[in-house]
Amino acid sequence: MLRLSVNGRTTEVEVDPATPLIFVLRNDLELNGPKLGCGRAQCGACTVLVDGRAVRSCQMRAGDAVGHVVTTLEGLGTPERPHPLQAAFIAEQAAQCGYCTNGMIMQAAALLQERPASLDEATVKEVLDHNLCRCGTQPRVVRAVLRAANGRGA
Amino acid sequence: MGAEMPSRRAFLGAFAAGTAGLAIGFRWQEAAGQAAPAPVTPMLRSNPRLDSWVRITPDGRIVVLTGRVELGQGVLTAMRQIAAEELDVAPERIELISGDTAQTANEGVTAGSQSIRFGGEALGVACADARATLLGVAATQWSMERAALGVRDGVIEGLGGRRMTYAEAASHVSLVRPVDTTARRKPPMAATLIGTSMPRTDIPAKVFGRQVFIHDMRPEGLLFGAVARPPGYAAKLVSLDMDWARGLPGVVAVVRDGSFLGVVARREEQANDAARKIVAAARWQDGAALFGGKTAFDHLLTAPAETRTIHTTEAGPAGARSHRAEYRRGFQAHASIGASCALARWDDGRLTVWSHTQGPFPLRGDLARGLRMQPDAIRVIHAQGSGCYGHNGADDVALDAALLARAVPGKPVRVHWTHEEEMVWEPWGSAMVVRLEAGLGADGGLASWAHDVWSFPHSTRPGGSSGCNLRSAWYLENPVPPPRATDGALPNGAAARNAVPIYAVPGQKVTTHFHAEMPVRTSALRTLGGYFNVVAAEMFMDECAALAGQDPVAYRLRHLRDPRLVAVLQRAVALSGWQPRPVTLGRGRAQGTELVGTGVGLSKYKNSDSHVAVVARVAVDVGSGAVRVQRMWAATEAGRAVNPDGIANQIEGGMVQSASWTLMEEGRWDGRRMTSEDYHAYPIIGFGQVPAIESVLIDRPDLPALGVGEGSQGPTGAAIANAILDATGRHVPEVPFTPERVLAALRA
Numbered sequence: 001m002l003r004l005s006v007n008g009r010t011t012e013v014e015v016d017p018a019t020p021l022i023f024v025l026r027n028d029l030e031l032n033g034p035k036l037g038c039g040r041a042q043c044g045a046c047t048v049l050v051d052g053r054a055v056r057s058c059q060m061r062a063g064d065a066v067g068h069v070v071t072t073l074e075g076l077g078t079p080e081r082p083h084p085l086q087a088a089f090i091a092e093q094a095a096q097c098g099y100c101t102n103g104m105i106m107q108a109a110a111l112l113q114e115r116p117a118s119l120d121e122a123t124v125k126e127v128l129d130h131n132l133c134r135c136g137t138q139p140r141v142v143r144a145v146l147r148a149a150n151g152r153g154a
Numbered sequence: 001m002g003a004e005m006p007s008r009r010a011f012l013g014a015f016a017a018g019t020a021g022l023a024i025g026f027r028w029q030e031a032a033g034q035a036a037p038a039p040v041t042p043m044l045r046s047n048p049r050l051d052s053w054v055r056i057t058p059d060g061r062i063v064v065l066t067g068r069v070e071l072g073q074g075v076l077t078a079m080r081q082i083a084a085e086e087l088d089v090a091p092e093r094i095e096l097i098s099g100d101t102a103q104t105a106n107e108g109v110t111a112g113s114q115s116i117r118f119g120g121e122a123l124g125v126a127c128a129d130a131r132a133t134l135l136g137v138a139a140t141q142w143s144m145e146r147a148a149l150g151v152r153d154g155v156i157e158g159l160g161g162r163r164m165t166y167a168e169a170a171s172h173v174s175l176v177r178p179v180d181t182t183a184r185r186k187p188p189m190a191a192t193l194i195g196t197s198m199p200r201t202d203i204p205a206k207v208f209g210r211q212v213f214i215h216d217m218r219p220e221g222l223l224f225g226a227v228a229r230p231p232g233y234a235a236k237l238v239s240l241d242m243d244w245a246r247g248l249p250g251v252v253a254v255v256r257d258g259s260f261l262g263v264v265a266r267r268e269e270q271a272n273d274a275a276r277k278i279v280a281a282a283r284w285q286d287g288a289a290l291f292g293g294k295t296a297f298d299h300l301l302t303a304p305a306e307t308r309t310i311h312t313t314e315a316g317p318a319g320a321r322s323h324r325a326e327y328r329r330g331f332q333a334h335a336s337i338g339a340s341c342a343l344a345r346w347d348d349g350r351l352t353v354w355s356h357t358q359g360p361f362p363l364r365g366d367l368a369r370g371l372r373m374q375p376d377a378i379r380v381i382h383a384q385g386s387g388c389y390g391h392n393g394a395d396d397v398a399l400d401a402a403l404l405a406r407a408v409p410g411k412p413v414r415v416h417w418t419h420e421e422e423m424v425w426e427p428w429g430s431a432m433v434v435r436l437e438a439g440l441g442a443d444g445g446l447a448s449w450a451h452d453v454w455s456f457p458h459s460t461r462p463g464g465s466s467g468c469n470l471r472s473a474w475y476l477e478n479p480v481p482p483p484r485a486t487d488g489a490l491p492n493g494a495a496a497r498n499a500v501p502i503y504a505v506p507g508q509k510v511t512t513h514f515h516a517e518m519p520v521r522t523s524a525l526r527t528l529g530g531y532f533n534v535v536a537a538e539m540f541m542d543e544c545a546a547l548a549g550q551d552p553v554a555y556r557l558r559h560l561r562d563p564r565l566v567a568v569l570q571r572a573v574a575l576s577g578w579q580p581r582p583v584t585l586g587r588g589r590a591q592g593t594e595l596v597g598t599g600v601g602l603s604k605y606k607n608s609d610s611h612v613a614v615v616a617r618v619a620v621d622v623g624s625g626a627v628r629v630q631r632m633w634a635a636t637e638a639g640r641a642v643n644p645d646g647i648a649n650q651i652e653g654g655m656v657q658s659a660s661w662t663l664m665e666e667g668r669w670d671g672r673r674m675t676s677e678d679y680h681a682y683p684i685i686g687f688g689q690v691p692a693i694e695s696v697l698i699d700r701p702d703l704p705a706l707g708v709g710e711g712s713q714g715p716t717g718a719a720i721a722n723a724i725l726d727a728t729g730r731h732v733p734e735v736p737f738t739p740e741r742v743l744a745a746l747r748a
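Taken in sequence, the protein lines are chains A and B. Mapping of the first sequence onto UniProt numbering: position 150 corresponds to residue 150, and the numbering continues sequentially without gaps. Mapping of the second sequence onto UniProt numbering: position 685 corresponds to residue 685, and the numbering continues sequentially without gaps.
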């Protein structure tokens, strides 16, 4: 039995501690935010925040999340109270298929927490360089992150 | 996109501000002009029933149906705009049903940039017919001229404050009948929704982590399936200890049917682990080596092929000299971020499949043949997946899910391929060789043009009348092999897509050398052969311009007769600040340790759809040969724009994807199978390499909407290629333009 703190709630899950966190989040806790992409930490679609740091949940054992605070896309904000990044992604229409969107937002959320000031385009591109988008929305994603950073979420 | 219209933000803002009191009231007499009657769209000929497009329910719901499916291209937002426009209802009131074999029209596959042009037109006509019919009911009841009536958000309004809801009007007339194809759509001048950048309706759910994708569907009792793939495409299963396999953790069922082998397990990771262990424990027999050990290009040029000259024009005077060149492209992958996924459930011999296929009806047909059952016992329902960019594993995984779910009747089984599985087992975009030969007149003008293309198939999709194009069917005990692959015919072509020149040249000749047999399975990758034919022809065009000593833009303009292509070319060139100059073969343009150049690419997709011109500026590192795209500019004209921001997203996204194809992407294989199985072995473009992009849309509301989703890949690759030629003065004939290839050209 693992006690996990996810999106402000503590849940007990009956699962092998070696199970990759992504499967526990998606299939046991029924969260849609983190997406299973490459399963090799190369694409970033599965990114979640663990104690505020961006982590690839396909590579983290669920057992290692015990005692830490996990936040997924669902825990970031809601339509009623969106996180500035969520509002900015809508305002910039920064998606096509949207499969990578979770990773883009979660990686950027960690960045905004770490370095809220002096965020420029080069920094955003550097931090997101290992988050892949196949539809080619990178320019829109950069605009959305800068929009959120400048406090112009919506 | 902007310049030729209010800014994108202004559009979004205007829409958001206007939503509450949306100006959806409209009277025919306000129309400034009538649109010319369009020919009946083929989608209405094959799906003539009005109620397969629009239904008004007695309780007032407005249900709109489309056979087109959302692939991340925003098509359902555009369809909602079109329906709301023609029906005069608020877009959010419409219930939109898409891609369900039990409900919607059969529109074949959502592919080839045809949704808006054909599916949107059909939907628009059907909705216009419904509106006119309902208006007619009110006009008769109130004894008023139809022209005196208006509609505001689904309520018909007449003189003296008379009102009638659509539901009430619909209760007096049957909408279960064929579409009246003479129904007139609103004149473009009167449109209030079409032509605006209405925000995508699916993006909020995607940024808040709501259930959107099949991958997120979790019906009661869900089980997980995984396929244990052979070690190579031609390998056969010899034996497996089934009892051992059934005892693996979490395993509910092991399915073996010939060389098809898979498991159903209680948990997703258990299914994946069991499949991996079964692959390793099973005994397999290898098949023959791929390509007999040759390169794919050698195979294409030397193995027997079907050679056909498919296009010729009358010859003019012979040229004073000739130029010929060869260009090559290796295999390229769809490389979707999320691997293919399907959910299947069997109930009393009937099968329901949720799939992110591009064609629910074609998939149903191939499922029926693969499973040896009747199509009407199968229902395919579209649900979104990761972007596919053509025929990836989406259809195949649906059969996998059906085969595995058959072992656990009544239980839903979800199969989500691994990324490695997708890369190795999906159909790849074909390797291609293009040879061009032109005669040049004494004045440098083109006197003849011959385009030869060697290629494997570009469409082996489901949807034929025999055989099965779902991969696992080939491995069954009683295999259902694929039908023999064919090449798509002109005008739109497949291997020869965009091989017919857009330039006015006498003596044109296009010849295909088609390989129906494919050691590496190939199928539709966004644009089919269009991307590489445009890249090759436009590179060749710059080489001819260089031989003529002329500026590449001026050289194109002298050979262009299509004013729409002239318009986008001039617009992109102006946007980029193009400096006219001839390309100098054999001499680079040095700036420090880099060579810097600018190139242009132009195309009319499929010779029938969007007109796109792209200019690219690149820097080439002299020491490493690495190419960096610094900036790209584009101009697009695709007739009437339904959603300008949606077009911008498609065009600009296509430019990024094409930059990735052009500079980085090439599949590798060993004797057994493709080995480019992850993003290290098959890298795609990252944020660091994505250049700044500036693009403009030339809206032509006076002209029919043209397909746009595949418009920018060809000209983008061509612009990058020509910028490399301009920077280095060297011919680099093989895509992708890797540092090694560019360096080799520099040192040649």
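Don't read these hints as lab results, they were simulated from the structure. Any given hint could turn out to be false.
On the chain B side, residues computed to face chain A include the following (Cβ under 10 Å) [said to hold, decoys possible]:
1) Arg210
2) Arg218
3) His419
List of simulated lysine to any residue pairs, SDA-like, C-alpha gap at most 20 Å [unchecked claim]:
4) A:Lys125 <-> B:Lys236
5) A:Lys125 <-> B:Glu694
6) A:Lys125 <-> B:Gly464
7) B:Lys277 <-> A:Asp16
8) A:Lys125 <-> B:Ala288
9) A:Lys125 <-> B:Lys411
10) A:Lys125 <-> B:Arg266
11) B:Lys277 <-> B:Ala288
12) B:Lys236 <-> B:Ala288
13) B:Lys277 <-> A:Lys125
14) A:Lys125 <-> B:Arg741
15) B:Lys411 <-> A:Glu30
Backbone N, C-alpha and C fix where the C-beta goes; we use that ideal spot for every residue, glycine too.
Starting from Lys125 of chain A, check that the Cα of Arg741 of chain B is at most 20 Å away, please. Cα-Cα ~27 Å, so violated.
With a cut-off of 20 Å on the C-alpha distance, tell me whether Lys125 of chain A and Gly464 of chain B pass. With Cα atoms ~45 Å apart, Lys125 of chain A and Gly464 of chain B exceed 20 Å; violated.
Given hint His419 of chain B near chain A, where the shortest CB pair must fall under 10 Å: 4 Å, holds
So if I understand the rule, the pair passes when the alpha-carbon distance is 20 Å or less; does Lys236 of chain B with Ala288 of chain B pass? With Cα atoms ~11 Å apart, Lys236 of chain B and Ala288 of chain B stay inside 20 Å; holds.
With a cut-off of 10 Å, does the beta carbon of Arg210 of chain B approach a beta carbon of chain A closely enough for the hint to hold? 6 Å, holds
Taking only the CA atoms, is the gap from Lys277 of chain B to Lys125 of chain A under or equal to 20 Å? Distance ~39 Å between Lys277 of chain B and Lys125 of chain A Cα, so the pair is violated.
Could you grab the alpha-carbon distance between Lys125 of chain A and Arg266 of chain B and see if it respects the 20 Å cut-off? 40 Å, violated
Is Lys125 of chain A close enough to Ala288 of chain B, meaning Cα to Cα at most 20 Å? 45 Å, violated
For the pair we were handed, Lys411 of chain B and Glu30 of chain A, check the Cα-Cα distance against 20 Å. 18 Å, holds
Taken at face value, is the distance from the CA of Lys236 of chain B to the CA of Lys125 of chain A at most 20 Å? Given that 20 Å is the threshold and the Cα spacing comes to 46 Å, the pair is violated.
20 Å Cα cutoff - pair Lys125 of chain A, Glu694 of chain B: 18 Å, holds
Hint check: Lys277 of chain B vs Ala288 of chain B, CA-CA at most 20 Å. Holds or violated? Status violated; Cα separation ~25 Å.
In the structure shown, a violation is registered for the earlier hints numbered 4, 6, 8, 9, 10, 11, 13 and 14, in ascending order.
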